[in-house]
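S.K.: Residue numbers (this note's numbering), protein chains in the order written: chain C, 1 to 352; chain P, 1 to 340; chain F, 1 to 304.
FYI, nobody ran anything at the bench for these hints, they're computed from the structure.
Everything hinted at is true.
Using C-beta positions, here's what the derived DEER-type ranges look like:
1. C:Ser-71 to P:Gln-314: 42 to 48 Å
2. F:Trp-132 to P:Leu-28: 55 to 61 Å
3. F:Cys-50 to P:Asp-84: 57 to 63 Å
4. F:Gly-130 to P:Thr-24: 39 to 45 Å
5. C:Gly-97 to P:Thr-70: 55 to 61 Å
6. F:Gly-130 to P:Gln-149: 39 to 45 Å
7. P:Asn-113 to F:Phe-211: 40 to 46 Å
8. C:Thr-87 to P:Arg-181: 51 to 57 Å
9. F:Gln-106 to P:Pro-67: 45 to 51 Å
10. F:Leu-277 to C:Arg-106: 57 to 63 Å
11. C:Gly-296 to P:Glu-211: 20 to 26 Å
A quick note: this is a predicted structure, and the numbers were derived from the prediction, not measured.
By construction, the Cβ of each residue, glycine as well, lies at the ideal position given by its N, Cα and C atoms.
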Amino acid sequence: MLGIAPHAGGVHSLTTLASMAVPASLLEARNLQKSFTSGTGLFRSAPPVQAVVGVSFDIGPGETLGLVGESGSGKSTIGRLITRLLTPTAGTIRLEGRDITGLNARAMRPLRRVVQTVFQDPFSSLNPRLTAAHLVGEPLVIHNMARGKDLRTRVAGLFESVGLHPEQMDRYPHEFSGGQRQRLAIARALSVQPRLIVADEPVSALDVSIQASVINLLVSLQERHGLAYLFISHDMAVVEHISHRVAVLYLGKIVEIADRKMLFASPQHPYTEALLSAVPIADPRAPRRERIVLKGDLPSPSKPPSGCRFHTRCPYVFERCRVEEPAMREIKPGQWAACHLRLSSSTSKGKP
Amino acid sequence: MTGATRSSARPVLAVERLRTEFSTKAGLAVAVDDVSFELREAETLAIVGESGSGKSVTALSILGLLPPVTARVAAGTVRFGGRDLLSLDRSQLQDVRGAQIAMIFQDPMTSLNPVLTIGRQLTEAVVRHEHLDPRAATARAVEMLARVQIPEPAWQIGRYPHQLSGGMRQRVMIAMALSCRPKVLIADEPTTALDVTVQAQILDLMSTLQEEFGTAIILITHDMGVVAEMSDRVIVMYAGRKVEEGDTVTLFDNPCHPYTRGLLKARPRITATFGPGRSRLQEIPGVVPPLTRLPPGCRFAPRCALRVEHCREQPSLDEKAPGQRAECWESHRMQAESTA
Amino acid sequence: MSESFPVEELPAALAPLPPAAALRPGPVRRIGSFLLRNPGGVIGATIVLCLVLSAVLAPIIAPYDPLHMGAGRRLTPPSPAHPFGTDEFGRDLLSRVIYGSRLTLQIGLIAVSISLGTGLLVGLVGGYSGGWVERILMRGTDVLFSFTDTLIALAAVAVLGPSLTNAMIAVGIAAIPYYARVTYGVVLVEKSKPYFDAAVAAGAGHLRIIFVHLLPNVIPPLIVVASLGVSAAVLAAAGLSFLGLGAQPPSPEWGAMLASGRDYFTRASWIMTFPGLAIALSVLGFNLLGDALREALDPRQRRR
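Next up, chain C with everything else stripped away, as it sits in the complex (with noise of 0.2 Å):
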């Protein structure tokens, strides 16, 4: 259905949260919590800063769950969580069945041939001072899975994957162009042929024309190797294109989590909606729809508010929206979201 092989275990059966055993997932997430005290010295009078609450989410073999937020909704703090760049204050992360969340480095380094990353800023995410035939096999070093003339060789093959050319090999990053360095990066993740890729917005930074090359690498890589992406972005339009499934984050919290079309085509959740009609469509004669122009400002991710912590900015507020914190629901077989509105009645909000 969306053109692609499915896997063992099935991309269908792995489109609800659900806590039936899915055992074939890839990645569990669950109840995750990362909290950062802010404020260094004696005095701790800072409330910790709640960066990411209560999130979970699977990701199956093969898939792409795309993750959507703006600034303070701690996406990227949720990719750091997933390749245990950080710890979690609580919940549990479990990778191929495996409980990760308090593992230490040493514990972790063999798992870390399972789960890369691919950075956004493709001028400091290479170290400037190696070369790329360096970077680009040092995980294969550090595992050691090749060494020597091998290494090389396999070193080509990475570059040729990614439509590099290997004679290039021996060049310092900063001669190459983002687009390039980009591609670098990725193959530098594919080294150690990982099952699943985290990409923290990975063509944020690059221009329009040379993040269609990208997209498409990534989505060919996809294809070929049979990857997981935990894909996160600010980028709707680019998220919809990549993505199985999509989650919506708002100040720390999922507030959405669907399939795909279904995400896109109706929005479940208020701020799903507003940012949607935020997105400027690239045709000057689509009527001026009916956008949701949020009012105010995003709260501090320190004073998060009470109840539904989105309630400060929604159209369509109410008493109970302040009070008491939505839980997550199935709204719709393969869509869920945490709303009262929708809680309250089963209709839809109409759109095609």
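Since the structure of chain C is already known, use the hints to place chains P and F on it.
M.R.: Coordinates of chains P and F only, in the frame set by chain C:
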């Protein structure tokens, strides 16, 4: 704002054959090469391009804001109010800046002075240009803040930039820019650094204010969606040259330059109705040439699917359709393909 | 949307890069070419070169044995036989100054090696580790920093006893905080960059990150500090010798020569003048070289 062609033909700003050069270690870089355009009263003109296109440099050249030693305007005129801005001396130019032509920049974090209060920065322009006394100036500042929908403006006057969010800072920038009711507002990527919901608020605000004040806007951006929503006419720039111009509706319907078409097709679109699966996005192969080593003839040719021998000769800016011009020898083949 | 373009499509990333030689040449050549263009750098490099040559070729170019008393008559002013004159023991000053350059170089190299080596380790380990290790190391550095170099050097020599070697060690220890601080600063900056996270996420262990990733970024600023540090070390050691805590007679160390020449200053000023000039010139040379290196290495790195 979308689709309506302004009937007012009076240009309020006319840039003619502008050429701006930078001297770099690698040689002379012509950042803006023979660019001409007109801005009409109360219209929004978008300048679209990617990195290296010269769109920001064009704006800086108009207002004389180029870095002094390394850059210079080598040729061209900028006609505004009956005078050539490029020929004005410093103090004359200062009279124009802020009062007649205002500019807002991309990054609201660095465009505001962190050690001065908002109020101080807001009143700076009115005091300089309209010689208002402090009380009147403050009153005007409060009024402008209210106009840009900042809550509790009288209190915000005393706050510092770091105490405000990105969206609010950009509103303050807009308030500053419009405080003297300039005829022209140049907005250089005003929403690129902002969240998309905040972007929607800011763009909305700019449209509203434009209607109220009748300001003409030059909107510099790389986002075709913003162009479609905000502008009446568009200029597309590539590697320092203007490669296409026209009114927004017809340009989007029928681009006459391969680069414009590439830009339009490269963006994934959110569509409520879905095609089968994920299609490949249209890529533009290659990279933008370095400005110090430009290919002969059409600069886009090395990356262009339609290139032919003739492209070694710089194409002239031809009228391809009423009101639409492009620099391309092969536009007719694009037309043929799109109607096929 | 037509996929069949009439011209062969050039895949995006395979557009050839300009030949490598046209871009950044290797760091050594870059530094070399920059120094040559910078007048300060040229002068500094020349002085340092003279110093090195003088030290290496001392036995060949020095006309007399520096310790030979009575090579000439006592306290003779500069003359063709003794271009720098003779001191109170009849030793040829020129030869003493020439041999003194060896000691100067030794001081510079050894003292800086101690400071650099230790400071580098402290800064790397402190910056990388975080937590209480970082606090202990960096606060310790701060404490050391709060005492002036001379005071520390004095204390060290007082404990170890006066000799040139001990003076070098003392000066070396006193300068550790500078190197530690610079290293620490760089480590903090680099830690915040994504490539650092990428290395951790790839599974790199501590040693790998420190030596493969952090070290190459730390070295350029340290080179700059070191070249300026050499002149500081020379000056400090000369100071100690002047106070009698460093080189002991009859060693031809320049600071010691200054001290012994003091009594004769009114009668035979050349005994102080020439060693003094030598110190000043060496310090100048290293400073100029250090400044030029800093310009060559730092801003150019940023300009991409």
